[in-house]
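Asks: Place chain B on chain A using the hints.
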Amino acid sequence: MKFNTHIMRVPYVFLLAGLIAVSCGNLYAQNDKLKQKQNDEEDANLMELLENDEPPKKMYTTATFKTTRLVTGHSIENTGKGVLDFRVNHRFGALNAGVSTFFGLDDANTRIGFDYGITDWLMVGFGRNSFMKEYDGLFKVKLLRQSEGKGSPLSLSYMGAMSVQSMPAPILPPGQEYHFSNRLYYVNQLLLARKFNKWLSLQFMPTHIHYNLVPTTPEPNDLVALGIGGRIKISNRVTLNGEYYYRVPGTEQLGYRNVLSVGVDIETGGHVFQLMLSNSRAMTERNYIGQTPGQWSFNKTGTIHLGFNISRVFTIVRPKEFKGSRNSIY
Amino acid sequence: MKKLILAAVLVCGMTTAYAQKYMTRTGKVTFFSSTPLENIEAFNNETSAVLDASTGDFVFQVPIKSFRFEKALMQEHFNENYMESSKYPKAEYKGKITDLGSVNFDKNGTYNVSTKGKLAIHGVTRDVTLPGTITVKDKTVTINSEFKVRPKDHDIKIPGIVENKIANDIEVTVNSILEKK
Numbered sequence: 001m002k003f004n005t006h007i008m009r010v011p012y013v014f015l016l017a018g019l020i021a022v023s024c025g026n027l028y029a030q031n032d033k034l035k036q037k038q039n040d041e042e043d044a045n046l047m048e049l050l051e052n053d054e055p056p057k058k059m060y061t062t063a064t065f066k067t068t069r070l071v072t073g074h075s076i077e078n079t080g081k082g083v084l085d086f087r088v089n090h091r092f093g094a095l096n097a098g099v100s101t102f103f104g105l106d107d108a109n110t111r112i113g114f115d116y117g118i119t120d121w122l123m124v125g126f127g128r129n130s131f132m133k134e135y136d137g138l139f140k141v142k143l144l145r146q147s148e149g150k151g152s153p154l155s156l157s158y159m160g161a162m163s164v165q166s167m168p169a170p171i172l173p174p175g176q177e178y179h180f181s182n183r184l185y186y187v188n189q190l191l192l193a194r195k196f197n198k199w200l201s202l203q204f205m206p207t208h209i210h211y212n213l214v215p216t217t218p219e220p221n222d223l224v225a226l227g228i229g230g231r232i233k234i235s236n237r238v239t240l241n242g243e244y245y246y247r248v249p250g251t252e253q254l255g256y257r258n259v260l261s262v263g264v265d266i267e268t269g270g271h272v273f274q275l276m277l278s279n280s281r282a283m284t285e286r287n288y289i290g291q292t293p294g295q296w297s298f299n300k301t302g303t304i305h306l307g308f309n310i311s312r313v314f315t316i317v318r319p320k321e322f323k324g325s326r327n328s329i330y
Numbered sequence: 331m332k333k334l335i336l337a338a339v340l341v342c343g344m345t346t347a348y349a350q351k352y353m354t355r356t357g358k359v360t361f362f363s364s365t366p367l368e369n370i371e372a373f374n375n376e377t378s379a380v381l382d383a384s385t386g387d388f389v390f391q392v393p394i395k396s397f398r399f400e401k402a403l404m405q406e407h408f409n410e411n412y413m414e415s416s417k418y419p420k421a422e423y424k425g426k427i428t429d430l431g432s433v434n435f436d437k438n439g440t441y442n443v444s445t446k447g448k449l450a451i452h453g454v455t456r457d458v459t460l461p462g463t464i465t466v467k468d469k470t471v472t473i474n475s476e477f478k479v480r481p482k483d484h485d486i487k488i489p490g491i492v493e494n495k496i497a498n499d500i501e502v503t504v505n506s507i508l509e510k511k
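Here the protein sequences come in this chain order: A and B.
The numbering of the first sequence is my numbering, which starts it at 1 and goes up by one.
The numbering of the second sequence is my numbering, which starts it at 331 and goes up by one.
Same shape as in the complex, but just chain A (with noise of 0.2 Å):
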C-alpha cells in the first residue's frame, strides 16, 4: 500500500506542474490579447484625435469633363491659373459627300485660338476661323464650384463671347451703308453641370445669342437654345462626349436646324485630342448653335461632319509656391 501511494505521488506532481504551465500560458496569452487590445485602443485613440476636431474643409470636385470644351460648346472647365492653352480646330467636309471629297477631308474649316487662365475662375480666350473669317473673343467665369460633402451640388460657369466676320461688305444700292455693327454678334451662356460619379457628368448649358444683322426682316435678332450634353468615361484617358443644343421656336432663323455632335476625347498628358461627328461644321456659337443647315443623317441629304480639336495646355507662370522647386523638363 505504501509503495503504491508513491507511485501515485509521482503522477500528482507532473499534473500540478502541468497545470501551473497550462495555467501560466492561458495568463501570457491573456497578457498578449489584453496587450494587442491596449495597443488597439491606442491606435483608436490617436485615429479619435485625428478626426475629432478636424476642421471642415471644402473639397471642390475636379475634373468634370477633361478639357474646356465639351465637343464644340463650352463645358464649365477653365484652364488652370497662369496657363495657356492652344487650341487647332478642324471641322472636314460632309461624310456623305464619299470618295469624290474623300468623305470630307479635302476642304477644312479651322479655328486656331488661345484660351488663358487668369485666376483659378477666369479664364479669357481669342480666336480666328476660316469661315467668314471670324474672328472671336470669350471669357468664362467660374461663379459656382461643386464639391464633395457639404457645398454645393452643381457648378455654375458664365461664359460671354463676342466675334465679328471680316468678310467683303457686301455691294449696296448708292446712299446705303454697311456698318460695322452689321458684323457683330454676342453669345450670353450659362453652363450648370454635376459629376455624378467618376463616369457620368451632364451639362445643362441655356444660351442667348443676339445677331446684330439677321438674312432677313421677320426673323428675330434674338436666338433662345437650349443645351444639353454630358460624358461618360470610358477609361482613364478616354470619354465619350455629346452635346445637343434646342433653339426655342419664335427664337430661331429660318432654314436652320437643331445642332447635334459626338465626340471622343482622348487624353495624353498635356495633349487632349477630341474627335467628334456634328451637323454643324463651324465652331462659334452664333454659327454652330444659331445657323447650322445640316441634318443628321448618313445618306444622301444628310450632311455630317467630322472634325477634331487639339489641346495643348503650357504653363506661362510659375505657381509661387514652385520659384525654387526642382521641376524640369529635359
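Hints should not be assumed to be uniformly reliable.
As the list claims (entries may be wrong) - Sample of chain B residues at the chain A side, in silico, Cβ under 10 Å:
| hint | residue |
| --- | --- |
| 1 | 351 |
| 2 | 370 |
| 3 | 387 |
| 4 | 396 |
| 5 | 416 |
| 6 | 418 |
| 7 | 450 |
What the hints assert, rightly or not - Covered by chain A, per the in silico footprint, the following chain B stretches (three or more residues, Cβ under 8 Å):
| hint | region |
| --- | --- |
| 8 | 359 to 367 |
| 9 | 486 to 493 |
What the hints assert, rightly or not - Non-contacting residues of chain B with respect to chain A, defined by C-beta distances greater than 10 Å in every case (computed):
| hint | residue |
| --- | --- |
| 10 | 382 |
| 11 | 388 |
| 12 | 398 |
| 13 | 401 |
| 14 | 407 |
| 15 | 411 |
| 16 | 417 |
| 17 | 432 |
| 18 | 439 |
| 19 | 443 |
| 20 | 460 |
| 21 | 466 |
| 22 | 505 |
Please keep in mind that the hints were generated in silico from the structure rather than gathered at the bench.
From a predicted model like this one, the values you see are computed outputs, not experimental measurements.
Cβ atoms here follow ideal geometry from the backbone N, Cα and C, with glycine treated the same way.
Replies: Chain B alone, transformed into the frame defined by chain A:
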C-alpha cells in the same frame, strides 16, 4: 500596505501623466520623381500627424487632393488617373517608433529613430520599416524622414506613353512640426 497602495497609485498616475501626445494638421510632405526626361515635384502642406510620446505610436494622414503641382493639368491627372483620390482620399502611415528609448522628449536635441508600421497608398497597405529623425525643441517635435515609394507596389498604373517620365522609385520627404496637445 498603505505605502504599497500609495506606490501603486503613484506609478499609475505617472504613466497617465506621461501619456503625452503631439499633433499637427499642417505637416509638409513632398514627393519627387526624377527621370532623364522630366523632374516632377509636388508639395502637400495639409498633412495631419499625431504622435504618442509614451508609446511611440503615431499616425500620418496625407490628403491626396492637397498635393500641389506646378502644372494644373498634371495635378488633375495625378488625382484622376493615378491616385484615384475620390476613391482613396488619403494616404496613411500608421506605426510605432521601434527605438523609443533613444528619444528624450524632455530634452532638446535631434534623435535618429526607426519606425515600423503600415503604409497605405492607393488602397494598398504594405508593412514597412522607415527611418527618420525626431527633433525635440521646447514643446514641439519635428519629424523628418526621407524614403522611397514604388508606384508599382501600390497598384498605381502608369501607362506606357508616360513611362519614361515617371520614376520607378518616388522620393518622399516628410517635414512636420508637431505641437504638444
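Asks: Any of the earlier hints contradicted here, and which numbers?
Replies: Those not satisfied are hints 6, 7, 10, 11, 12, 13, 14, 15, 16.
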